[in-house]
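Novice: So you can see what is in the structure, the chains are spelled out below.
Protein chains: 6
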Amino acid sequence: MIRVTRKYRFSASHRLHAPQLGDAENRALYGKCNYPFGHGHNYEIAVSVRGVPDSRSGRVVDIDLLDGLVRGQLLAAFEHRNLNEEVEAFRAAVPTSENLGREAVRLLKQSWHSVFPPDGPCLEAVAIAETPRNAFEVSADEIQ
Amino acid sequence: MIRVTRKYRFSASHRLHAPQLGDAENRALYGKCNYPFGHGHNYEIAVSVRGVPDSRSGRVVDIDLLDGLVRGQLLAAFEHRNLNEEVEAFRAAVPTSENLGREAVRLLKQSWHSVFPPDGPCLEAVAIAETPRNAFEVSADEIQ
Amino acid sequence: MIRVTRKYRFSASHRLHAPQLGDAENRALYGKCNYPFGHGHNYEIAVSVRGVPDSRSGRVVDIDLLDGLVRGQLLAAFEHRNLNEEVEAFRAAVPTSENLGREAVRLLKQSWHSVFPPDGPCLEAVAIAETPRNAFEVSADEIQ
Amino acid sequence: MIRVTRKYRFSASHRLHAPQLGDAENRALYGKCNYPFGHGHNYEIAVSVRGVPDSRSGRVVDIDLLDGLVRGQLLAAFEHRNLNEEVEAFRAAVPTSENLGREAVRLLKQSWHSVFPPDGPCLEAVAIAETPRNAFEVSADEIQ
Amino acid sequence: MIRVTRKYRFSASHRLHAPQLGDAENRALYGKCNYPFGHGHNYEIAVSVRGVPDSRSGRVVDIDLLDGLVRGQLLAAFEHRNLNEEVEAFRAAVPTSENLGREAVRLLKQSWHSVFPPDGPCLEAVAIAETPRNAFEVSADEIQ
Amino acid sequence: MIRVTRKYRFSASHRLHAPQLGDAENRALYGKCNYPFGHGHNYEIAVSVRGVPDSRSGRVVDIDLLDGLVRGQLLAAFEHRNLNEEVEAFRAAVPTSENLGREAVRLLKQSWHSVFPPDGPCLEAVAIAETPRNAFEVSADEIQ
Numbered sequence: 480m481i482r483v484t485r486k487y488r489f490s491a492s493h494r495l496h497a498p499q500l501g502d503a504e505n506r507a508l509y510g511k512c513n514y515p516f517g518h519g520h521n522y523e524i525a526v527s528v529r530g531v532p533d534s535r536s537g538r539v540v541d542i543d544l545l546d547g548l549v550r551g552q553l554l555a556a557f558e559h560r561n562l563n564e565e566v567e568a569f570r571a572a573v574p575t576s577e578n579l580g581r582e583a584v585r586l587l588k589q590s591w592h593s594v595f596p597p598d599g600p601c602l603e604a605v606a607i608a609e610t611p612r613n614a615f616e617v618s619a620d621e622i623q
Numbered sequence: 480m481i482r483v484t485r486k487y488r489f490s491a492s493h494r495l496h497a498p499q500l501g502d503a504e505n506r507a508l509y510g511k512c513n514y515p516f517g518h519g520h521n522y523e524i525a526v527s528v529r530g531v532p533d534s535r536s537g538r539v540v541d542i543d544l545l546d547g548l549v550r551g552q553l554l555a556a557f558e559h560r561n562l563n564e565e566v567e568a569f570r571a572a573v574p575t576s577e578n579l580g581r582e583a584v585r586l587l588k589q590s591w592h593s594v595f596p597p598d599g600p601c602l603e604a605v606a607i608a609e610t611p612r613n614a615f616e617v618s619a620d621e622i623q
Numbered sequence: 480m481i482r483v484t485r486k487y488r489f490s491a492s493h494r495l496h497a498p499q500l501g502d503a504e505n506r507a508l509y510g511k512c513n514y515p516f517g518h519g520h521n522y523e524i525a526v527s528v529r530g531v532p533d534s535r536s537g538r539v540v541d542i543d544l545l546d547g548l549v550r551g552q553l554l555a556a557f558e559h560r561n562l563n564e565e566v567e568a569f570r571a572a573v574p575t576s577e578n579l580g581r582e583a584v585r586l587l588k589q590s591w592h593s594v595f596p597p598d599g600p601c602l603e604a605v606a607i608a609e610t611p612r613n614a615f616e617v618s619a620d621e622i623q
Numbered sequence: 480m481i482r483v484t485r486k487y488r489f490s491a492s493h494r495l496h497a498p499q500l501g502d503a504e505n506r507a508l509y510g511k512c513n514y515p516f517g518h519g520h521n522y523e524i525a526v527s528v529r530g531v532p533d534s535r536s537g538r539v540v541d542i543d544l545l546d547g548l549v550r551g552q553l554l555a556a557f558e559h560r561n562l563n564e565e566v567e568a569f570r571a572a573v574p575t576s577e578n579l580g581r582e583a584v585r586l587l588k589q590s591w592h593s594v595f596p597p598d599g600p601c602l603e604a605v606a607i608a609e610t611p612r613n614a615f616e617v618s619a620d621e622i623q
Numbered sequence: 480m481i482r483v484t485r486k487y488r489f490s491a492s493h494r495l496h497a498p499q500l501g502d503a504e505n506r507a508l509y510g511k512c513n514y515p516f517g518h519g520h521n522y523e524i525a526v527s528v529r530g531v532p533d534s535r536s537g538r539v540v541d542i543d544l545l546d547g548l549v550r551g552q553l554l555a556a557f558e559h560r561n562l563n564e565e566v567e568a569f570r571a572a573v574p575t576s577e578n579l580g581r582e583a584v585r586l587l588k589q590s591w592h593s594v595f596p597p598d599g600p601c602l603e604a605v606a607i608a609e610t611p612r613n614a615f616e617v618s619a620d621e622i623q
Numbered sequence: 480m481i482r483v484t485r486k487y488r489f490s491a492s493h494r495l496h497a498p499q500l501g502d503a504e505n506r507a508l509y510g511k512c513n514y515p516f517g518h519g520h521n522y523e524i525a526v527s528v529r530g531v532p533d534s535r536s537g538r539v540v541d542i543d544l545l546d547g548l549v550r551g552q553l554l555a556a557f558e559h560r561n562l563n564e565e566v567e568a569f570r571a572a573v574p575t576s577e578n579l580g581r582e583a584v585r586l587l588k589q590s591w592h593s594v595f596p597p598d599g600p601c602l603e604a605v606a607i608a609e610t611p612r613n614a615f616e617v618s619a620d621e622i623q
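Chains as they are written, first to last, in my numbering: chain G, 480 to 623; chain V, 480 to 623; chain W, 480 to 623; chain H, 480 to 623; chain X, 480 to 623; chain F, 480 to 623.
Note that the list lumps identical chains together, so a pair holds whenever it fits in one copy or between two copies.
EDC-like cross-link-like pairs, simulated, lysine to aspartate or glutamate; straight-line CA separation at most 16 Å:
| hint | residue 1 | residue 2 |
| --- | --- | --- |
| 1 | 486 | 543 |
| 2 | 486 | 609 |
| 3 | 511 | 546 |
| 4 | 511 | 543 |
| 5 | 511 | 565 |
| 6 | 511 | 541 |
| 7 | 486 | 546 |
| 8 | 588 | 620 |
| 9 | 511 | 558 |
| 10 | 588 | 598 |
| 11 | 588 | 546 |
Simulated from the structure, these hints should not be mistaken for laboratory data.
All chains, please: the whole structure from these sequences, using the hints.
Specialist: Encoded structure:
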């Protein structure tokens, strides 16, 4: 088994605000990430795939297929979007990087087998970097 | 004369939309940067200063003073803000990186001599990187 | 469980010299790292934490609390210091990156539960990069 | 046990072309990587080693020994070479990053114990980055 | 006037060999870059443009137009190509980064005014980075 | 004329302390950089050369000659050294990055024409980066 990791970038805005909590509690919890008009980031998303290289092609995963899946499922949904306003999942959940990583895993798993065969490469993890200082890694088996 | 460049980072959101133009023209002009709910970036701002090293200290600029000025004038205004909604200058001008760089130069020049003496270091340029692929450099003498 | 990694930087000096060994053996073992007056690095320290996102906040760890702990326990001890002369642990042990990583884990574990509750996030690992070419990763369970 | 990772760089050219497949199939499979005259990359190779720090030296691995092994076994074979034409292993296998990683593990394991003692550090994994966007990680125990 | 710099990447192979010189002289001159089967790089190309921001759009240059020009004129010619065999200009000139930069300037200037108006942004310079350690910058006025 | 910039790295320690000033003044001036036992950095030094490509070789500068000069004159003096204690120039001057850049220019100019002919490439500037956030650029004509 070999692990292949490929990185993608997108830019988006968000605001951290938990609707169950009051304004003062939100400000204490999220600090400047709770400012009312939102802010944004250049996100880097690293998708890790695990598999056995095909004996003829010498590759674990067809990169064009993976790129197509990530572009169609993730980048089309997140690129230059306001995550709170324009991504369905973040009506219910706060768009932290932890929740963004879980949503990315969910979206990829949902369409994985429309692209890759059952004995093909499997999704191992997704890591979200909100800034170059931070990374949030979600294993694929965290999400059903 | 030696040139000293120091980098700072902040995250903010913006939307590119020129109020004098119609919606269709805005979409054609700015593409995904015109999506109605805005998006955001991790900005890097590089401030370049020029001067002669002080003969005793061996330094062109006191970095603590420069940091204080940049934090007080730029980062306090931009960090985790929605540039369109929360920065006065972008009520009149579209918050492109070009205009953001000009506003940064204007803000630094306005307070420069409250911090540095007339024979001290001078501001040479400000460069804004919206993403690692792009940089927008404004000379200090562009702005009066 | 989600893994969150956050990076910090500090600059320090050190000299690799094992007191139990003679001068010639030290020179053969450590080469230029044994030069008598020491040298220094910009260190990057990556702290990895593992936990379950809180259902309300959507976060694994309160970043402000983590920053406070790392600043108070690690950066306050190492930043702009001579590790051999000014850090107690390196009176007995050579300040290699391996030992620096173990000391960082020890210091973080010692104060962890003064900041995080027993059912909160746990420390998983610390990785020290002495230069961009090297990384030394110590699991938290290496150190009692 | 501590994990030490050290990075090396080399530049080489290759062409992805599976000899068992026809020209049209190769073009469909590898796209621009199948262009007939080949192309090239600046590769980054990260070698991960695991071990217990020596109680006197405080080090898991003697970096000079590791550098000598990697230079002699890997860089001497790959640096500024055409992988298809000048590396024996790629007469039989397509020089994908997956196969390059496996060949790197094979070459390092073959000479490991001419340099490191049986109770010394062990090779854990090799990761090949063809570009900054991609990484291919091969565990040492993948290869006999 | 504001300077905008945008970076692009491509991978290609080349061999440094001056046809007017003998084999021994070529080896002495270019070292490992003269190995007979060629080698390759991930090139980064930074295109710098200078101009006055448009008063309505707030932009110096329409990035989509610039991207289209660079893709059509440069990346289509160089991406995944063997520069010696597949780029006309390098039949006569050795494909050093210096000559590659000059060819890039020549190609961009040749098509510049099919895309940008006479009073629009002008090309200032092209910088080629063969590896992260090297950059070769050619001013646009070097080439007629 | 084409500008070629090549980067080198070295690690060293220093302490900022101006002997003409008292201890309190030094502490106020240099802050943590004045701690008595010194600290250190991974320095990056970028050497910029300007010239006309040779018509046969297609190169502005022979990189092996430049590397030899930088290694022999700069890296041999600075690598893994304590700049205050082991570099002659810093007995008289504080080892700020400004002064380190001037010393680097002086050392390179002093030996330049033992390596490069009068009509060959000329040294344009040296830039010292103490950390990834800072750069100090000294023009070659600053130093006689």
